[in-house]
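Heads up: the protein sequence lines correspond to chains A, B and C, in order.
Numbering of the first sequence is given in the working numbering, commencing with residue 26 and proceeding in unit increments.
Numbering of the second sequence is given in the working numbering, commencing with residue 26 and proceeding in unit increments.
Numbering of the third sequence is given in the working numbering, commencing with residue 26 and proceeding in unit increments.
These are computed hints drawn from the structure, not numbers from a lab.
On a predicted model such as this, the values are computed, not experimentally measured, just so you know.
One or more hints might be untrue.
Same chains, same names: a pair is fine if it fits in one copy or spans any two.
Stated by the list, open to error - Mimicking DSS-like on lysine-lysine, the simulated pairs with C-alpha atoms at most 25 Å apart in a straight line are:
1. 355 x 342
2. 29 x 70
3. 70 x 221
4. 90 x 354
5. 324 x 87
6. 287 x 365
7. 311 x 96
8. 311 x 220
9. 221 x 73
10. 220 x 54
11. 354 x 365
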Amino acid sequence: MEFKASVIADFLHGTVEGDPDATVSAFAKIEEGHPGALSFLANPKYEKYLYETASGIVIINKAQKLERPVKCTLIRVDDAYRSFASLLELYASSQQEKSGREEPVFVAASVTLGENIFIGAFSYIAGNARIGNNVKIHQQVYIGENVAIGENTVLYPGVKIYHDCIIGSDCMIHSGAVIGADGFGFAPQNAADYKKIPQIGNVVIEDRVEIGANTCIDRATMGSTIIRKGVKLDNLIQVAHNVEIGENTVIAAQSGISGSCKVGRNCMFAGQVGLAGHLAIADGVKIGAQSGINASIKKPDSVILGSPGMDYQDCIKSYVVVRRLPDLKKKVDELERIIKGKDS
Amino acid sequence: MEFKASVIADFLHGTVEGDPDATVSAFAKIEEGHPGALSFLANPKYEKYLYETASGIVIINKAQKLERPVKCTLIRVDDAYRSFASLLELYASSQQEKSGREEPVFVAASVTLGENIFIGAFSYIAGNARIGNNVKIHQQVYIGENVAIGENTVLYPGVKIYHDCIIGSDCMIHSGAVIGADGFGFAPQNAADYKKIPQIGNVVIEDRVEIGANTCIDRATMGSTIIRKGVKLDNLIQVAHNVEIGENTVIAAQSGISGSCKVGRNCMFAGQVGLAGHLAIADGVKIGAQSGINASIKKPDSVILGSPGMDYQDCIKSYVVVRRLPDLKKKVDELERIIKGKDS
Amino acid sequence: MEFKASVIADFLHGTVEGDPDATVSAFAKIEEGHPGALSFLANPKYEKYLYETASGIVIINKAQKLERPVKCTLIRVDDAYRSFASLLELYASSQQEKSGREEPVFVAASVTLGENIFIGAFSYIAGNARIGNNVKIHQQVYIGENVAIGENTVLYPGVKIYHDCIIGSDCMIHSGAVIGADGFGFAPQNAADYKKIPQIGNVVIEDRVEIGANTCIDRATMGSTIIRKGVKLDNLIQVAHNVEIGENTVIAAQSGISGSCKVGRNCMFAGQVGLAGHLAIADGVKIGAQSGINASIKKPDSVILGSPGMDYQDCIKSYVVVRRLPDLKKKVDELERIIKGKDS
Numbered sequence: 026m027e028f029k030a031s032v033i034a035d036f037l038h039g040t041v042e043g044d045p046d047a048t049v050s051a052f053a054k055i056e057e058g059h060p061g062a063l064s065f066l067a068n069p070k071y072e073k074y075l076y077e078t079a080s081g082i083v084i085i086n087k088a089q090k091l092e093r094p095v096k097c098t099l100i101r102v103d104d105a106y107r108s109f110a111s112l113l114e115l116y117a118s119s120q121q122e123k124s125g126r127e128e129p130v131f132v133a134a135s136v137t138l139g140e141n142i143f144i145g146a147f148s149y150i151a152g153n154a155r156i157g158n159n160v161k162i163h164q165q166v167y168i169g170e171n172v173a174i175g176e177n178t179v180l181y182p183g184v185k186i187y188h189d190c191i192i193g194s195d196c197m198i199h200s201g202a203v204i205g206a207d208g209f210g211f212a213p214q215n216a217a218d219y220k221k222i223p224q225i226g227n228v229v230i231e232d233r234v235e236i237g238a239n240t241c242i243d244r245a246t247m248g249s250t251i252i253r254k255g256v257k258l259d260n261l262i263q264v265a266h267n268v269e270i271g272e273n274t275v276i277a278a279q280s281g282i283s284g285s286c287k288v289g290r291n292c293m294f295a296g297q298v299g300l301a302g303h304l305a306i307a308d309g310v311k312i313g314a315q316s317g318i319n320a321s322i323k324k325p326d327s328v329i330l331g332s333p334g335m336d337y338q339d340c341i342k343s344y345v346v347v348r349r350l351p352d353l354k355k356k357v358d359e360l361e362r363i364i365k366g367k368d369s
Numbered sequence: 026m027e028f029k030a031s032v033i034a035d036f037l038h039g040t041v042e043g044d045p046d047a048t049v050s051a052f053a054k055i056e057e058g059h060p061g062a063l064s065f066l067a068n069p070k071y072e073k074y075l076y077e078t079a080s081g082i083v084i085i086n087k088a089q090k091l092e093r094p095v096k097c098t099l100i101r102v103d104d105a106y107r108s109f110a111s112l113l114e115l116y117a118s119s120q121q122e123k124s125g126r127e128e129p130v131f132v133a134a135s136v137t138l139g140e141n142i143f144i145g146a147f148s149y150i151a152g153n154a155r156i157g158n159n160v161k162i163h164q165q166v167y168i169g170e171n172v173a174i175g176e177n178t179v180l181y182p183g184v185k186i187y188h189d190c191i192i193g194s195d196c197m198i199h200s201g202a203v204i205g206a207d208g209f210g211f212a213p214q215n216a217a218d219y220k221k222i223p224q225i226g227n228v229v230i231e232d233r234v235e236i237g238a239n240t241c242i243d244r245a246t247m248g249s250t251i252i253r254k255g256v257k258l259d260n261l262i263q264v265a266h267n268v269e270i271g272e273n274t275v276i277a278a279q280s281g282i283s284g285s286c287k288v289g290r291n292c293m294f295a296g297q298v299g300l301a302g303h304l305a306i307a308d309g310v311k312i313g314a315q316s317g318i319n320a321s322i323k324k325p326d327s328v329i330l331g332s333p334g335m336d337y338q339d340c341i342k343s344y345v346v347v348r349r350l351p352d353l354k355k356k357v358d359e360l361e362r363i364i365k366g367k368d369s
Numbered sequence: 026m027e028f029k030a031s032v033i034a035d036f037l038h039g040t041v042e043g044d045p046d047a048t049v050s051a052f053a054k055i056e057e058g059h060p061g062a063l064s065f066l067a068n069p070k071y072e073k074y075l076y077e078t079a080s081g082i083v084i085i086n087k088a089q090k091l092e093r094p095v096k097c098t099l100i101r102v103d104d105a106y107r108s109f110a111s112l113l114e115l116y117a118s119s120q121q122e123k124s125g126r127e128e129p130v131f132v133a134a135s136v137t138l139g140e141n142i143f144i145g146a147f148s149y150i151a152g153n154a155r156i157g158n159n160v161k162i163h164q165q166v167y168i169g170e171n172v173a174i175g176e177n178t179v180l181y182p183g184v185k186i187y188h189d190c191i192i193g194s195d196c197m198i199h200s201g202a203v204i205g206a207d208g209f210g211f212a213p214q215n216a217a218d219y220k221k222i223p224q225i226g227n228v229v230i231e232d233r234v235e236i237g238a239n240t241c242i243d244r245a246t247m248g249s250t251i252i253r254k255g256v257k258l259d260n261l262i263q264v265a266h267n268v269e270i271g272e273n274t275v276i277a278a279q280s281g282i283s284g285s286c287k288v289g290r291n292c293m294f295a296g297q298v299g300l301a302g303h304l305a306i307a308d309g310v311k312i313g314a315q316s317g318i319n320a321s322i323k324k325p326d327s328v329i330l331g332s333p334g335m336d337y338q339d340c341i342k343s344y345v346v347v348r349r350l351p352d353l354k355k356k357v358d359e360l361e362r363i364i365k366g367k368d369s
């Protein structure tokens with residue numbers, strides 16, 4: 026789809042400088058512009074690109090001064106970043122406008138379907154599932170028995186949701202994510218063999234949660250594994266059985282949360298972090314990449330780093346010494362020679 | 026489904042105290058009880074919940090003394106934990122009672138099918154596959170050519186098994202697991218380019234193995250990647266080509282075993298452990314979370330921690346010093362000043 | 026399929042010693058041979074197996090001397106390893122000879138299909154996708170709108186490719202890999218809540234790239250996440266939005282590359298490596314397993330190890346001291362007692 030500068034300016038309540046009939050059909054960073062692309066300039070650091078960019082239209086702040094002529098058409102607005110972001114959102118939401126049902130799909134007779142739902146081909150909805158209004162179930166999705174899904178939630182191709190799990194409204198779950206597989210629980214029996222502990226709980230995901238591709242959230246042994254409102258999980262994350270993750274906590278890719286951990290609100294975990302089982306993490310805790318946490322963190326807003334985890338500043342100081350350990354050892358050996366030499 | 030206290034007591038050879046007509050339709054931990062839920066009490070630590078719980082029925086040990094009246098109906102048995110576990114198993118196995126074939130599925134004409142098999146919609150079984158009795162192939166599963174699957178094995182939605190792999194009896198493979206993708210083998214050619222080394226072996230999974238969601242087990246270059254009887258693998262684990270994992274070894278989420286490793290029996294690896302290639306790990310070895318193992322472990326029952334891995338106790342002692350390294354360095358610098366000062 | 030020694034020798038331009046009518050139907054390592062298997066001997070380390078192997082036919086170098094009689098039929102060639110590899114490749118490529126279309130599939134009317142394409146059952150190709158000649162789309166694959174796929178590329182069962190992504194020629198993508206899911210981008214709003222930043226870029230994968238099972242490559246926020254020619258990615262790898270990975274770089278399983286990293290050519294990363302965001306890694310850099318890189322690496326061909334990463338040799342030296350830190354601390358304490366004792 027092509028849009029004219031004049032139409033975009035109207036939508037943004039902005040003003041055009043240049044050709045009001047200039048058209049664009051794509052977005053691009055100002056430094057990667059091309060004819061037919063719409064860009065924006067907000068950060069003064071990128072100002073030089075305003076004069077070089079190949080983009081057809083650039084959104085700028087009203088206050089932006091021009092030092093030289095520009096080749097592109099300009100649209101001046103109050104807040105260039107915000108205006109550009111609102112266009113991106115408009116574009117992104119237009120991608121989710123599908124509704125109806127492709128064929129073949131499998132929808133059990135006892136499923137309850139809201140309005141304006143999309144069901145992509147090769148998707149499967151088992152008995153007694155309840156699907157809210159405006160839900161988009163893309164292709165090759167599996168929804169088990171008794172699953173409930175709230176309004177406006179989007180399930181990308183290949184998502185698997187086991188029986189009895191509950192997904193909130195306005196969630197987005199990416200391809201390959203597995204919600205509700207069995208928790209990892211086995212009781213030793215005989216000398217060396219294991220017996221499976223049945224995992225009969227479920228997963229409860231509240232509203233506005235985003236879950237990345239191939240992330241796994243295991244069902245509880247009993248009760249629920251709970252992901253609270255506004256949580257954002259990146260790709261390839263492991264969330265074990267009976268974990269609870271507090272509101273608006275954000276976790277980066279490949280992190281793993283062991284069984285029965287209780288993570289607070291507004292935490293931020295970087296990538297490849299690991300938490301041992303049964304830990305409590307206070308609200309607002311930040312944990313650096315690859316950290317390994319083996320004890321509860323009780324102080325809110327702690328900043329932790331390392332494996333095992335420790336106070337961030339202490340960890341940075343320790344790392345500085347670790348890098349120079351061979352020197353430290355040499356120095357100690359030298360001191361020992363001096364002292365023991367004197368002693369002898 | 027609802028069950029009366031009297032029916033549950035009969036099944037467990039127990040006795041009812043309270044209302045024999047009380048009914049329950051769910052399981053709950055005693056501390057998370059609700060009307061209509063069945064709970065148990067075995068651990069004295071939780072005894073106080075017996076008087077507080079909202080659960081309708083609680084299973085307790087015959088010997089359990091009551092200090093106060095309880096609101097719930099009690100069922101007394103010899104071993105409350107075991108009785109409760111047997112009910113959980115009964116419930117869990119009832120989830121796997123499906124048989125027959127949903128539509129559409131793709132089953133090649135040359136497939137050999139046992140009795141009482143379930144094949145879910147959108148599943149695919151390629152030529153010459155052999156599927157044992159009572160196997161449950163859930164939805165959207167892929168089974169490649171010449172694959173053999175033993176009796177009672179359960180494949181959850183979306184499992185992918187490449188051609189020629191062999192799966193034992195009584196196995197459970199969770200959604201998104203990939204069995205038999207190519208091992209990661211490339212030979213340098215020219216200056217900087219790589220040529221793929223064909224991966225023509227397979228994966229052999231023996232009986233009673235459980236494999237977690239999105240775990241990957243690569244096929245051997247030649248021969249077999251082998252997962253022995255009773256092995257339990259958690260989610261998001263990587264098992265590279267030509268690995269062998271010994272009987273009843275248990276590996277937690279996000280661990281990775283590099284090519285040609287030979288892991289012994291009854292080992293336990295915690296989460297996010299990594300093994301370098303071509304290592305041999307003795308029987309009964311325990312490896313702590315996030316450890317990185319770069320040498321074979323020859324002593325059975327070793328307990329290892331750290332990256333690189335070392336004896337667990339030594340590692341814990343080293344970690345204590347690491348946390349205080351800046352202090353140690355200060356002390357050494359101070360000693361140096363004293364000594365060098367004297368020397369000068 | 027069975028092959029006679031005389032036929033194999035003709036194909037390899039070799040000569041038969043023994044029974045020209047001996048037949049084989051499988052490949053095996055010489056030390057794991059069985060009747061009906063073809064093996065090779067190139068490495069003198071394995072020479073003893075030549076006299077012990079149960080393989081029916083063994084390919085050896087022309088120059089190979091025999092110290093004792095052998096039981097198997099021999100085929101002598103100029104380069105036994107290369108001849109064997111060429112047979113493996115012939116076998117592996119014969120696995121990809123399928124073409125045509127299984128049913129059911131979903132192929133939108135606006136899809137452009139080349140010649141000799143295979144589309145497996147339950148696969149989905151959305152509008153305006155362009156599929157090159159000889160592409161093999163195995164079962165349960167999802168190809169989003171406007172995706173382009175070059176010639177000879179193989180997509181294994183269950184691969185998911187989101188809209189607008191571009192895949193080159195001669196690529197191989199394994200089961201469960203997710204190409205083009207949203208990058209992980211959220212802007213804080215209000216006190217503690219997050220707003221999704223639309224991810225409207227794509228993923229561009231150039232020619233001869235291999236991508237492992239369940240690996241995730243996120244689409245760019247704007248612009249492209251780029252995987253250059255000849256890159257090889259193992260299983261369960263995370264590649265975040267706006268990353269660029271240079272030609273012929275090889276990355277082992279479970280590594281994670283954070284957003285906007287630019288990795289050079291011909292790099293080699295071992296398993297479970299993590300890179301922080303916005304780093305530049307020079308060409309030819311090698312990074313050891315479980316390393317955590319938090320700063321750009323500017324020197325080509327650097328060899329890096331550790332978390333945080335440092336020069337490989339320095340890291341090894343530090344690790345040696347880390348293992349003996351408790352001893353070092355004791356020594357320092359002892360020196361202190363001696364010195365302070367003197368001082369007092």
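These are the hints, each one checked on the structure:
no. : hint      : result
1   : 355 x 342 : both (20 Å within a copy, 12 Å between copies)
2   : 29 x 70   : neither (28 Å within a copy, 71 Å between copies)
3   : 70 x 221  : between (58 Å within a copy, 24 Å between copies)
4   : 90 x 354  : neither (59 Å within a copy, 54 Å between copies)
5   : 324 x 87  : neither (45 Å within a copy, 43 Å between copies)
6   : 287 x 365 : neither (53 Å within a copy, 48 Å between copies)
7   : 311 x 96  : neither (45 Å within a copy, 44 Å between copies)
8   : 311 x 220 : between (37 Å within a copy, 19 Å between copies)
9   : 221 x 73  : neither (63 Å within a copy, 28 Å between copies)
10  : 220 x 54  : between (56 Å within a copy, 20 Å between copies)
11  : 354 x 365 : both (16 Å within a copy, 17 Å between copies)
Of the numbered hints stated above, those contradicted by the structure are hints 2, 4, 5, 6, 7 and 9, listed in ascending order.
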